[in-house]
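Going line by line, the protein sequences match chains D and Z.
Position one of the first sequence corresponds to residue 0 (numbering that gives the first Met the number 0), numbered consecutively onward.
Position one of the second sequence corresponds to residue 0 (numbering that gives the first Met the number 0), numbered consecutively onward.
Some clues are possibly wrong.
What the hints assert, rightly or not - Covered, in the sense of this in silico footprint (three residues per stretch, anywhere, with C-beta under 8 Å from a C-beta of chain Z), are these stretches of chain D:
no.	stretch
1	69 to 81
2	99 to 111
3	225 to 235
4	298 to 312
5	405 to 414
Said to hold, decoys possible - Lysine-lysine pairs mimicking DSBU-like chemistry, simulated, CA-CA at most 35 Å apart:
no.	chain 1	residue 1	chain 2	residue 2
6	Z	58	D	377
7	Z	346	D	208
8	Z	136	Z	39
9	Z	242	Z	228
10	Z	82	D	377
11	D	377	Z	360
12	Z	136	Z	120
13	Z	58	Z	360
Stated by the list, open to error - A few chain D residues that don't get close to chain Z, going by computed Cβ distances all over 12 Å:
no.	residue
14	91
15	92
16	244
17	272
18	280
19	289
20	388
21	392
22	399
23	419
24	420
Honestly, the hints are just simulated from the structure, not real lab data.
Heads up, the beta-carbon is just placed ideally off N, CA and C, and yes, glycines get one too.
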Amino acid sequence: MTNKNLNSKPLEGLRVLDSTYVFALPYAGGHLADLGAEVIKIEGPSRPDVTRTGGYAGVFPENDHGEDWWNRPSTFNLINRGKNSVTLNMAEEEGRELFRELVKISDVVMENFTPRVMKGWGLDYPNLKKLNPNIIMISNTGYGHGDGPYSSYPSQATTAELSHGMANLTGYENGPPSKSGASFVDFLATWTAIFALGGALKYRNQTGKGQWIDIGMYQTGVMFISEYLLDSQLNGHEPERIGNKSPYRAPQNCYPTKGSDQWIAISVDSDEEWQTLCNIIGSDSTSELSKFPHLSDRIKNHDVIDQHITNWTSDKDKYDVMHLLQDNGIAAGPVINSKDIHYDEHYKARNFLEKVDYPEDRKMGTRLFLGRPYKLSKHPLHITKPAPKFGDHNEYYLKTILGIDDETYDSLYERGLIADVPGDREPSPTFDPAKRVESKNLADWDPDYKHNLGI
Amino acid sequence: MNNVFENITILDLSEDVAGSFCARLFADFGANVLKIEPSKGSKLRKSGPFFGNDPHHEKSFPFFIHNLNKKSITLNIETKIGKSIFKDLASRSDLIIESYSPGYLKSIDLGFSDLEKLNPKLSLTSITPFGQTGPYKNYKSSELINYAMSLIMSISGIQGQQPLKHAGLQAEYEGGLFGAGATAMSLFKTDLTGIGEHIDVSITECVASTMMASQSIYPFIGGTQTRRKSEGSNSGQAAQATKDGWVVWQTGGGASWEDISEFFESPELLEPKFADRAQRISNGPEMDEIVENYMKTKGKWELFYKASEARMLFGVAQTPAELMECEQLKSRDFFHEIEHPYLGKVKVPAELFKYSHTPYKLRYPAPILGQDNIEIFENNLGYSRQQIIQMKELGVI
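Bound conformation, chain Z alone:
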C-alpha cells in the first residue's frame, strides 16, 4: 500500500468549496475520487478569482485547487438513466460526498436510506451550512453568513465597528477539513464492521467549535466575550507597523521580559509599570509607543529573524507573493508543480501535512469538464459509444 486511502472509491457530488476540499483531501492521500458534475459543470467552476480574470469554466482558481487529484464525469442524476448510472456507481463505491440543500437527494430517491440498500458499506458525507436537521437547515447562506452565525465574528475586529470576517473562504475550508476528519474516523469504523453511515457536517458548527475559549465563559460566569478595544495592541492582538510592513509579537515563547526589552533596545520596558501581563495591558498604549518607535526604523524581516532567534513569539504579515517564495514552505514540500491545459504550469499549494510512510502525491490537476466520460462509461460501466452518444443527446451526460 502506497497511500492510506488507496482502496477507497469516492463519488464527489459537491458543488461548493467545503465538499470539494473534503473530497480533495482524500484524493491527496490516495483515494480514487470521481467528481460528478451536471452537464454544464459544477457551480464551483463559476467562482472567482479566475485565471486572466476570464470567467471561463476551466479557469476558476477555487475549482482548480479543490479538485486536484480527481477524475470527472458529467451526469444528470435527475434523469431516469442518470439515476440508474449513479446507483450503479454508488454500488461500487465507499463514500459519497455532497453539499446539496438537505432533503434534495432524498427527493430524487438518492437519500442515504435509498443508497445503503444498494451497498451496505457505503457512507454518505453531507456538508452544508447548517447541517441536515434543525430549523435553519434549508436557510440560504454564504461565507459571511456562516462566519456571522458561528461566534468568531462577534470577537473579531474592533469595538464600536462592525464584527469582522476573515478574508477568503475560511468557513468553507473548515467545513471541508473538519468534515474530512469526521469522515476518516467513520470510514475507519466501516473498515472494522463493513457497515457505512451518514455523516452530517455543519459548516457553522465547524467554525463555532473553534470558539472554545469564548463559548465556555458564559456557562462559567455569565460573561459574553467582545472584540478588542480600538486603542493599543492589546498584547499581540493588533498588528504594529515597521519600516516596510506589519508585525505582531507576544510574550511567552521562551524569551524573558528582559530579553524582549533588550530586543527592542528599550530599557524603559523594565520599569515597574510594564512588569507583568496585566500592567502591560493597562499601560498598553505607552508600551506600544516605545515599541513602535523602535520598529518603525527597522525592516519587518530583519525584526522577524532577530526576534525568532531570541525565541520571541513574532509574526510577520506576509503577502501571497512572499509566501510563494517562502523557504520554509519549500523545505516542507508544500508546493508541487503541475501542468494544466488552461492554466499552464502551476505551483500548487499541495501538502497539508506529512506521513512518514505514505507520502503525498500530486497525480493530476483538476479535471476538465467531462474529461473522463469515455473511460468511466465505456471502460468501467461497459456502455457502447452509441449508447454514450444517445445519453448525450438525452441530456444525461
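Bound conformation, chain D alone:
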C-alpha cells in the first residue's frame, strides 16, 4: 500500500508483479521502480527475458560474457534497473498457484502474453479480481484484446512500424517507406502504461476499485499520426515522403559537418530568420540566396539552398554551428549519436545519464544508463539499484513473504519450477568492435571509453 509521507517517492509502498518480456512493459516496470515501486520481475525458469539471451540482449561489459552471461547484457540491465527477480514456471499449475499467492499481496500485475495465454491459465482479469478485488492489471499486446480480426496475430515493433502507418509516411524523397533504427512503438506502449496506471491508481485511491488496462501497441502508433488521418479523411490528401523537410518551414534539413558521419540539423521558421542565416553564411552565397525571401520560394528552391548551406557547414564543427545559429535566433542542433550523448554539456548538466554501481560480486563495475525524461521538483528520483540477477529474490519472496518451508522450496528448485540459471540457453555472441567498425556495423569504437567516462 502506498505512502502518505511527503518525502517518500510517488510509488513507495506499491508492489508490482511484472510478468513481462522484451521492451515495452519491462521498461515501464523499470520506470515504476525509479518512482519508488517494489517491482518483481517474473520470468520462466527456462523462459528468461529475450533481453538476457537473444538478439535483443545488446552487448556485454567489455565484450566479456563472464560466468553469468544472462545477468550481464546492456539492454537487459538498462530496462530492468531497480527490480527484484523471481523465477516461476507459469506453465505448471504449482507455479501458477505461487503466482496467485503473490497476486493477493500485490497492487499491480503487468503482462504481455498473447491474449489467449493468461485466460488459458485462469489468470485473466476476472480471475485475478477474485483473488484481489482491487488489483490493477495491465495487459499489452500487439493489436489489443477483443474480437478484432488481428487480435491473435503476433506483432513486434519492427513489423508494426509499417502496419501502424508510420513507415509509409517516413523516408527519403522518392524512396521507399522507411522505419527508424529502433523499436519505436514499444515506448509508446511503455508510457501509455505509465499514464494509464497513474489514472487507475488515482481511481483506486478514491473508489477502492482496481481495473484492467488493455493496451494494443498498434493503435498507440496510429494515434501518433492523427493529423495525417484527418488530412486523408477530410481533404482526401495522401502525403508523399519528404525526408527531413517540412511543408511549413524552409530551409529545413540535415547538413554534413566536419568529421565522419557528423551532421547539423537546421530549421528556419520565418523570413527574418532566413535573412539572418543568409548574412551568417555570407560571401558568394548571399546574393544567390537573397533571391528566395519567402517560404514558397525557399520550398521550390530547397535543393539549391541546401547546396549553399552544405558548402558552408561541411568544414565546421557541428556544435559550433549550433551555438552560432542559436545565438542568432535560428533553430539548429547537432545530430547527437550514442557516444555524443555521454559528453553533451546539456544532457550532463541535467544528469540525464545516471551512474549505476554494481556490487563487487556482479563484476560489472559502474555503468551509465538513460535516466528519466522528467524531473519532479519535490521528489528527486534516481535509478535505485542495478537490474537483478536471474532468480535472485526467489528465496525472499517464496520463503520470507509467502512463508514456504525449506523442504518445499528445495523441491520446487529440484523440479525446475524455480531456478537461478536459465535452462539450456546460449548467450548472444560477442564481437570485436574494431572489426564491427570495419564491416560498418558500428559507426565508431572508442577503446578508452571507460577512462573517458570516468567509470
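Starting from the structure of chain D, add chain Z where the hints point.
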C-alpha cells in the same frame, strides 16, 4: 466515479502539440480542462495541415486533434486584470500545463513558486524541447531539431545518406504522452499528500529515453551505433516490395524457419547459408532476392493475412486512407465520431487504450476560440456582462 480524472481541473496554457496532447489525454479520461488562449488564439491554430487547405484558425487539424474534450477561454495573462483572473482560476485548479520558453511565467510573476502560494495542491507541468534547466534550455527548436538531438536520427535512415527523421511530429507526441505519464504519477502522490509540485518534462529527453539499446552500447564496449547499410533488408530493417505495396517481415514470432521457407514457397531458404540469423544477415542480399521474387507476384494484404495466420512477424505498410477503414481499429473503438462547426462530421482518432471500468468518452470537439468566455467569466467567476465587455475593450479577453 465514471472517469479516472473526473475530479481534476486543469488549465492548459500550452501552444504546441506536446502540451496540448498531454492535456488532451487527461481530458479524454475525465479531467475538466480549460484551454487558456491569447486573444488572437493559440499558436497551434496556425499549424497545418488545414481543412480544405484553408489556414483559418478553426480549421487546423493539429489544433483540432490535440484539444478534444476541452473548453476554452481567451485571456491575456500579461495584463494586470488578466493575471489576477488567472490566479483566481489557478487557486481553484489542480494542474497547469504549459509550454512557454523556460523562465517566461516567472518573469510575469506566474512561476511555480508564485502559484503554489495560492494553492498548495496545485501542480505545474512544463513541457519544452530541452527542459527547465541546462545550457540549451532557451534554445529554439522544432520537430527536426528535437529529433536530431535525441539519438534516434543517428540510427535512422541509410549509411552514407542523411540521418532521417520520422514523419510528422513524433517528438512532440512523445513529449505529450510521456509528460502525461510523469504528471499522472505526480498527481497520484498529490492525492496522498495534498501537496503539488513542478514537473519538468524535456521533449528531447523523452525521445532519447527510448534509445535504450543504442545508448547502453557505449558504456559497455565503447561502440557507437550506426544506420543500416544501403544493401539488403538487414533482417526486417527495410521494407520490401510486393505487387501492390510494401511489407516487412522478421523471424521470431512463433513461426519456425521451416514455416517461413514454406510461406515463401522457397525450399532454397533451407540451405545451410541461411541457417541462422548471422548467416541470414551476411547472405542478406541473396536471401532478399529469393523472397522478393516471390513477393512481387503477390498482393500485400494476401501476404499479410497468410503470414500472420502462420504466426510470422509481418507488417504491411498502410496508408492513412487504409487505416481509416481498418477493421481492427474499429473493433477496438479507436475512432469516435463528432460534429465540429467548421469541419463537419469527423471520425476522430480517439481511444489510446482501454480501461475496463472507466471507458473513454468523446465529450466535445476542439473548442472554438473564446467559446466558453461567458460560461467561465460570468457563471464560474461571477463577472457581470458589463465587466466582460470592458475586459474585451482592454484587451484582457
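Hint check:
1. 69 to 81: holds (count 5)
2. 99 to 111: violated (count 0)
3. 225 to 235: Per the Cβ count (10), the hint holds.
4. 298 to 312: violated (count 0)
5. 405 to 414: Check failed, 0 qualifying residues.
6. Z/58 with D/377: Violated - the C-alpha atoms of residue 377 of chain D and residue 58 of chain Z are around 40 Å apart, more than 35 Å.
7. Z/346 with D/208: 32 Å, holds
8. Z/136 with Z/39: 27 Å, holds
9. Z/242 with Z/228: 24 Å, holds
10. Z/82 with D/377: 26 Å, holds
11. D/377 with Z/360: 33 Å, holds
12. Z/136 with Z/120: 27 Å, holds
13. Z/58 with Z/360: 23 Å, holds
14. 91: Residue 91 of chain D is indeed farther than 12 Å from all Cβ atoms of chain Z, at 21 Å.
15. 92: At about 24 Å from chain Z, residue 92 of chain D clears the 12 Å cut-off, so the statement holds.
16. 244: Violated, since 9 Å does not exceed 12 Å.
17. 272: 9 Å, violated
18. 280: 18 Å, holds
19. 289: At about 22 Å from chain Z, residue 289 of chain D clears the 12 Å cut-off, so the statement holds.
20. 388: 17 Å, holds
21. 392: 23 Å, holds
22. 399: 27 Å, holds
23. 419: Correct as stated: the minimum Cβ-Cβ distance to chain Z is 23 Å, above 12 Å.
24. 420: 22 Å, holds
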